[in-house]
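Novice: Sequences listed follow chains R and B, in order. Residue numbering for the first sequence follows my numbering, starting at 1 and increasing by one per position. Residue numbering for the second sequence follows my numbering, starting at 1 and increasing by one per position.
Source of the hints: derived by calculation from the structure; they are not laboratory data. There may be inaccurate statements among the hints.
Unchecked claim - Here are the simulated EDC-like pairs of lysine to aspartate or glutamate, each with C-alpha atoms no more than 20 Å apart in a straight line:
1) B:K221 x R:E72
2) R:K157 x B:D185
3) B:K138 x R:D189
4) R:K183 x R:E234
5) B:K237 x R:E253
6) B:K113 x B:D67
7) B:K183 x R:E154
8) R:K94 x R:E72
9) R:K157 x B:D219
10) B:K227 x R:D67
11) B:K139 x B:D18
12) R:K221 x B:E72
13) B:K113 x R:E208
14) R:K252 x R:D219
15) R:K183 x B:E154
16) R:K221 x R:E182
17) R:K252 x B:E234
18) B:K249 x B:D219
19) B:K201 x R:D118
2 protein chains.
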Amino acid sequence: MLQIVILGTGNIAQHLFDVFSSYTNITIAQVVGRNSKALEFFKEKTETQTNFNNIKNADFYILAVSDSAVEEVASFLKDKNGIVAHTAGSIPMKVLQDHPNHGVFYPLQTFTKNYPVDFKSVPMCIEANNNESNILLKKLANIISDSIYDVTSEQRKKLHLTAVFINNFSNYMYQIGSDICEKNDLSFDIIKPLILETAKKGTLFNPETILTGPARRGDYKTIDIHKSQINNKEHLKIYNVITNAILNKYGKEL
Amino acid sequence: MLQIVILGTGNIAQHLFDVFSSYTNITIAQVVGRNSKALEFFKEKTETQTNFNNIKNADFYILAVSDSAVEEVASFLKDKNGIVAHTAGSIPMKVLQDHPNHGVFYPLQTFTKNYPVDFKSVPMCIEANNNESNILLKKLANIISDSIYDVTSEQRKKLHLTAVFINNFSNYMYQIGSDICEKNDLSFDIIKPLILETAKKGTLFNPETILTGPARRGDYKTIDIHKSQINNKEHLKIYNVITNAILNKYGKEL
Numbered sequence: 001m002l003q004i005v006i007l008g009t010g011n012i013a014q015h016l017f018d019v020f021s022s023y024t025n026i027t028i029a030q031v032v033g034r035n036s037k038a039l040e041f042f043k044e045k046t047e048t049q050t051n052f053n054n055i056k057n058a059d060f061y062i063l064a065v066s067d068s069a070v071e072e073v074a075s076f077l078k079d080k081n082g083i084v085a086h087t088a089g090s091i092p093m094k095v096l097q098d099h100p101n102h103g104v105f106y107p108l109q110t111f112t113k114n115y116p117v118d119f120k121s122v123p124m125c126i127e128a129n130n131n132e133s134n135i136l137l138k139k140l141a142n143i144i145s146d147s148i149y150d151v152t153s154e155q156r157k158k159l160h161l162t163a164v165f166i167n168n169f170s171n172y173m174y175q176i177g178s179d180i181c182e183k184n185d186l187s188f189d190i191i192k193p194l195i196l197e198t199a200k201k202g203t204l205f206n207p208e209t210i211l212t213g214p215a216r217r218g219d220y221k222t223i224d225i226h227k228s229q230i231n232n233k234e235h236l237k238i239y240n241v242i243t244n245a246i247l248n249k250y251g252k253e254l
Numbered sequence: 001m002l003q004i005v006i007l008g009t010g011n012i013a014q015h016l017f018d019v020f021s022s023y024t025n026i027t028i029a030q031v032v033g034r035n036s037k038a039l040e041f042f043k044e045k046t047e048t049q050t051n052f053n054n055i056k057n058a059d060f061y062i063l064a065v066s067d068s069a070v071e072e073v074a075s076f077l078k079d080k081n082g083i084v085a086h087t088a089g090s091i092p093m094k095v096l097q098d099h100p101n102h103g104v105f106y107p108l109q110t111f112t113k114n115y116p117v118d119f120k121s122v123p124m125c126i127e128a129n130n131n132e133s134n135i136l137l138k139k140l141a142n143i144i145s146d147s148i149y150d151v152t153s154e155q156r157k158k159l160h161l162t163a164v165f166i167n168n169f170s171n172y173m174y175q176i177g178s179d180i181c182e183k184n185d186l187s188f189d190i191i192k193p194l195i196l197e198t199a200k201k202g203t204l205f206n207p208e209t210i211l212t213g214p215a216r217r218g219d220y221k222t223i224d225i226h227k228s229q230i231n232n233k234e235h236l237k238i239y240n241v242i243t244n245a246i247l248n249k250y251g252k253e254l
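Turn these sequences into a full structure, and let the hints steer you where they fit.
Specialist: Written out as structure tokens, the structure is:
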């Protein structure tokens, strides 16, 4: 039985709590957080605690707090023997170096409150300061996911950057599409199959080989028509900068 | 039985040919194209023709040629009684106005050669110059798809622009992600579940309400770290312009 204390009460804490709770070989000994209202989510199923000086003993202390709070919260775990691991994409492992056994337990996925995620397919990025902790963090990760990766702090920083392009910026493309549809009396439903197929093909093919569209084929006439149709200044800037990047990459004239 | 002549031999022509061929209430009378090599794809299953003066009679003439060839190819159909419809996103219907019955039969999806598409979920955007042609084009569309929309030429132009943001530009985000992974010894597989989940959530939620990331929360420290990690000049421009658009949209300081 693996004993876990979760520190933090937000989005990631809730998702990890839900998935850990669904396995009988994991026990969540405690959830610790300052915000007693946020602790209500957890308190029917485990012990909750607002005082960071009253943290229980466990095999793993999973820090699911905001980036800026990781170091401070970790400082309350100085006398603990279990593994202290944070879940942040952009924080180096070394902020936990005061602990004999520490590491990173980073689920590379987008999480939305109250929207369940199939954790089995979530890549778990693992890093640890010693071999034993690495093995134990992977043992825990393996229970909840089929997709485990060794990822260094430097690589994880790059993954976090990648996730911004893949998730945040694709989402912003959807927002622009939604905005154009709304302004032209078109249901956004009409574009949803394209969103899904674009993503599916992005995972089945090398994205470079399947790109289509006016920039890819150097169709300046269509590009000009598109530009003339964009009223939003920010959207036009985005259209220009990505179109130019594509023209450039595929050897078309700017 | 609906009789169809397909004009054109490219990607869309092949996909429409495949889906039409799979229904017993549709007959493809002929495929017409200049390129005899490209016609080989079709010739085992239907009559093929390179001479545009020898086009058979049919209920529908589906023009699946490049945008710049639509008008010219349509000129060979002047004496035909069936419905002449093109399949292009950005070409107005009126280029076909010399024909008594004309319209548009635009499948809003990304198509890749030899990669089958589930047409049942492909939105078919229909426009016609008279009520009878509209009904007949919808009858044809209804056989292959469950998703039929009335879309004017002006709206279709906007949809085509939307598709560039949704498909081409999201694909380019994947390319940037793939590039960062490659340069940092990370398998692109690690990012694929995020691509799929991002798209899925983009269709289940209003994209505006689920956006996360440093720009959304005005986390300038992380934005600066990200910028310092981007070596590619074009990628940095894209990062900056989308980040600024998000900061601006969500009322954060630039």
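Novice: Which hints from the list above does the structure break, by number from lowest to highest?
Specialist: 16
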